[in-house]
Amino acid sequence: MTNSWTDIKNTDLVVIMGGNAAEAHPCGFKWVTEAKATRGAKLVVVDPRFTRSAAVADYYAPIRQGSDIAFLLGVINYCMLNDKVQWEYVKAFTNAAYLVKDGFTYQEGLFTGYDEQKRDYNRSTWDYQIGADGYAMVDDTLQNPRCVWNLLKEHVALYTPDMVSRITGTPKDKFLKVCEMIAETSSPTKTMTSMYALGWTQHSKGSQNIRCMAMLQLILGNIGVRGGGMNALRGHSNIQGLTDIGLMSNLIPGYMSLPTEREPDFATYMSTRGFKPLRPNQMSYWQNYKKFFVSFQKAMWGAAATPENNFAYDYLPKLDVPAYDILRAFELMNQGKMNAYVCQGFNPLQAFPNKAKLASALSKLKLLVIMDPLETETARFWENHGIYNDVDPTKIQTEVIQLPTTCFAEDEGGLVNSGRWMQWHWPAGSPPGEAKTDVWIMSQIHLRLKDLYRKEGGANPDPILNLTWNYKDTHEPTAAELAKEMNGYVLTDVADPNDPTKKLLEAGKQVATFGVLRDDGSTACGNWIYSGSYTEAGNMMARRDNSDPDDTGAFLKWSFAWPANRRIIYNRASADINGKPWDETRKLLWWDGAKWTGYDVPDIAPTAKPQDVGPFIMNPEGVSRLFARGMMRDGPFPVHYEPFESPVANVIAPKIRGNPVARVFKDDFTQFAEVASKEFPYAATSYRLTEHFHYWTKNNQVNAVLQPEFFVEISEQLAKEKGISNAGWAKVSSKRGSVLAKVYVTKRIRPLTVDGKTVHIVGIPIHWGFVGAARKGFTANVLTPFVGDANIETPEFKAFCVNIEPTTGPVA
Amino acid sequence: MNMELSRRQFLRTAGAGIAGTSLGALGFGGVEEAVASAIRPFKLVNTTEVRNTCTYCSVACGILIFSKGDLKKGEKATITHIEGDVDHPTNRGTLCPKGAALLDIVHSKQRLNYPMMRKAGSDTFERVSWDAALDKIARVLKDDRDKNLVTKNNDGVTVNRWTTTGFLAASATTNETAWCTYKVVRSAGMVVFDNQARV
Amino acid sequence: MFPPAPNPPITPVPERFGDKDLIRRSASTITPASPRQTEVAKLIDVSKCIGCKACQAACLEWNNLHEEVGTFNGSYTNPPDLTANSLTLMRFTEWVNPQTDNLEWLIRKDGCMHCEDPGCLKACPAPGAIVQYSNGIVDFIHDACIGCGYCVKGCPFNIPRISKVDNKAYKCTLCSDRVAVGQWPACAKACPTQAIAFGTKDEMKKWADGRITDLKSRGYQNAGLYDPPGVGGTHVMYVLQHADQPEIYAGLPKNPTISPIVELWKGATKYFGFAVIGFAAVAGVFHHMVAGPNKVSAEDEENAEKLAGGERS
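Residue numbers (my numbering), protein chains in the order written: chain X, 1242 to 2053; chain U, 2 to 200; chain E, 246 to 558.
Next up, chain X with everything else stripped away, as it sits in the complex (with noise of 0.2 Å):
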């Protein structure tokens, strides 16, 4: 998020697209609730079904799954066409006026430099015309025909309303209405907020359709300011401080990356690293890079790294691929090419594409452990369970090692929410029979690792036998000196320049903010973004000062929020180029002559004068990017491009199947049903309901009881056509299996007409499995196609297609 939940109560509109929050996230929503009834904010929903969210909707428009882009771009061809642009802000905060190189075009879906072979762009056409000052080229009148604008205005044109309706099956007039209700909230004292989650990720061009967001946001004005941005609701409990600790295969904490073997010395790491301002006294903050990166290498490896070996530049690990994310190592394993496997707290022979895959791929492991407070489907994968876990236990040779951690309620420490408030928490209860904290587990197997790295020696024991392990209990850090590790420590003194009597830094202290960090080795830094958690003052975390002055919704001295205890990041939009508000009933920041003011700690530097620097400080440009230059690899702009399995062809541009640049692995593809298959003719998408959470709750009673068996969802057109009763059973068959449901027919799914053809959907919620509370049923995932999208590997689970029929129940 780049707002926060309390946050939403200020708002003037509510679009939620690609989620849906009142089911996911019930009392988050609460803050759309109150928007509605104090600000008389409106509630717009676009969903293929007609969810709990459209329940309480002001408006509901009916979506064809997997076409979100089409939807967008059409948005922001209205917005542009009909002069419904914040200008002041696209000018002055966006690339809109940056010029891009002449070798840049788009022609059928495809942009310059596709290589089909390598499913790949060669991307240096993806850039700005850059000036003999160094500088990136721009065109404040927009008269350009080469500035980002115009290339927009070019790109989205195909985007009419007709074509919209052709490609999502939404209705012209509904999408004109949501339209026009966006289109309102250009103007500087009218809000949009939007809100999203797994309905835009889980697609192979999901990047693409939160981009497409962003960027119409950016045109109405809608980011940095108080009841707008692009919040992403986020899943469990601490999925944004997992990833904020980067704790996937390319990342180091705080967004820094890992090294690849293209880069075999740490100053070629850092070549592409400095991050040098694309435009005139712009902040490009990750110029502050090798900062961070020094102080995490000493977090590390404390006295081991030093200037001499690049601060243990090669005990880092580097990468052959872009990433060894999930569906690569489940692909790997299948092939045989990996040996043992953790899973800690997640199960992913649930949550993971194509379950008939994923089991074969485990089967083929050494050993397989499994740390988890609860039993998971994953860590019985080897035992028959009838029709939901059809194998036989003796041709599967992989042993498994299953640990009992404590839950939440059972362990201390602090957990990142979607709008970056990291919140402390006590233990309260102690753990059943001989369950275990992680922190425990993790510790013994790293000291048991290090003690036959020195009794034995091995390959390359270094990086293990010097990591910084000083902890009062050996076997079990508190969570306390772990959150101290990652606020940040100084190591050796560091004097004043201007007073060499004084010290700047004082060995054995806390650093304050990564302000302070240091590239030479005197500052250690587990995670440069969560500076300023743990200080001298204490446990930030741990605030519980709940007061709000003049009731904003920000809370500041509400826990502590990364980065710097910011609530709304890219705050400094909220003011106009002078530093005014836009809107005065909705003031954030403000420059008051000398310095920024206000009721969010600034963005920038608080003597920064509003007209030399830009909001977007992490950003050479200093600017937000309507056009992504080569950040993604599927495109600077979004293109509407179909899901891998659709009922229909592209009709943008039929040559193209899915994202063009995804990656597939090889047998995948022969997975797939083909575009329009009569075999497999229905639009499915998969889905969560309110009463479970993912695989977790179908362990409880309670929960149980309020949503007690799997089935899937069906409109009351194709029940007929298929003869298919209400609570009567069907089987749904994909390309890679099929499972046997209850059906709900319902009026919330309606067919939709695509391209002049009957679209029919079929809606399937994912929370049952083999072990539980709850009754045995099948996952969703036995049906989703192995995909992900082209930047980032998220599955693609909500678009995929299948087959229904009737049929008779299980045989018991």
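The set of hints was computed from the structure by calculation and includes no laboratory data.
Only a predicted model underlies this, so the values are computations on that prediction, with no experimental measurement involved.
You can trust all of the hints, since none of them are fake.
Result set (DMTMM-like, lysine to aspartate or glutamate): computed pairs, CA atoms no more than 20 Å apart in a straight line: (1) 1696/X x 145/U; (2) 1578/X x 1908/X; (3) 110/U x 312/E; (4) 1998/X x 1915/X; (5) 1578/X x 145/U; (6) 120/U x 1640/X; (7) 153/U x 1555/X; (8) 1636/X x 127/U; (9) 153/U x 1703/X; (10) 499/E x 362/E; (11) 1283/X x 1299/X; (12) 1691/X x 145/U; (13) 1896/X x 1996/X; (14) 1332/X x 1425/X; (15) 153/U x 1504/X; (16) 451/E x 361/E.
Now the in silico label distances, taken between C-beta atoms and shown as ranges: (17) 1299/X x 122/U: 57 to 65 Å; (18) 1833/X x 157/U: 53 to 61 Å; (19) 1919/X x 454/E: 52 to 60 Å; (20) 69/U x 1279/X: 35 to 43 Å; (21) 1919/X x 499/E: 48 to 56 Å; (22) 140/U x 1911/X: 35 to 43 Å.
C-beta: ideal position from N, C-alpha, C; glycine also.
Starting from the known structure of chain X, fit chains U and E onto it as the hints suggest.
Frame of chain X, contents of chains U and E only:
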């Protein structure tokens, strides 16, 4: 159908109902005299209250956990109730159907109590000691790493990359658990490393 | 947002009401407590309800109730009906508004309405099994309940359910234990969107006015408060988008009244005493004790139809 069910219930118990009336009339009183208070004693009295955060979604609602026994005093604590924290700015005491049933997941029948091991080809888990489980894990990891760590690639570049063992991290654990996990996994050179944020 | 109650106490606090505050007691003549406490009410704003069932979960947890895991029955309404353990239930109705042709998903939290003039209490033959406090809460006292099911018959909303385990009647207590220490009922506290609020009846009516004004501004011309006069008003009220058609909300009665049969029967017991009907029923008592609970016959069904038909509009 709902109406029908309730009528059935009513009829099934009609006999007993009349019995009650008759018992009173026949002088088998007592019922009439019983002064039972309808109001239950408030069940949170004399419990320990601890502030925590809901373990499910990222709204991160503030919760109050009530227990018999106090961990801070070194006692064993059994959690008896969980409800929303009114002082929390986001949820203001409210909870969703998952949050309102958090007590159930703490005490779920599916909670794991002991380390277990499933041998190759077996159709069951068997209990093992922590030491046996951890020693085994460390041995397998060490052997696999020693055998398969790629220290240099074909071009002679030091890469120190371990791709034959993978780690899938949780996303409902704390930052501190995550950091501890990161240190252990990354220091070993493991790159097949991902977390729930991917999906 | 209506200000919620502070966090619950963990040290003993004096109860705000109790037996001294009774104004009615089933099958008994009592002097109503005086002065009357301020009446309380729960306001259920259907237009803010997202059907999340947090109220159901909170109710089960707070009241230590164990419900059985059912099956999928072709609806989100789970369990399919109120039970002796499920004292509240979200009822889902997919309704196409004939005026707009738009689908409206009407979701109503069902449960005891805590009538000012409680039909259950009036029908109850067991002395002291049902009581009404001066703040308006109608509560069942299970030690005194004889499981006759007359409360079910007497209820114009078809709420109480007889437990198959202990053969006693159960329904929502409005969390009398929580209200007694100044807390909101568990359902109201949990409700994410504050579709359920709790306060004095006057406060809730005023709060409802604001909501109705907002709904009218959004085109719901017939938005209104459901506080039916036929039962003297209720201490659980609804804000409805279509208050002119309460029956579209899973059969919420338009003009609920206590069945004339109950009124008549109560009159009879009052004037003729228990003996008159007592003797007539003795045979039945012995039959029940020996043969156990009756099986439902076609004849029973027919009788039930007659009884129930009189209660529901």
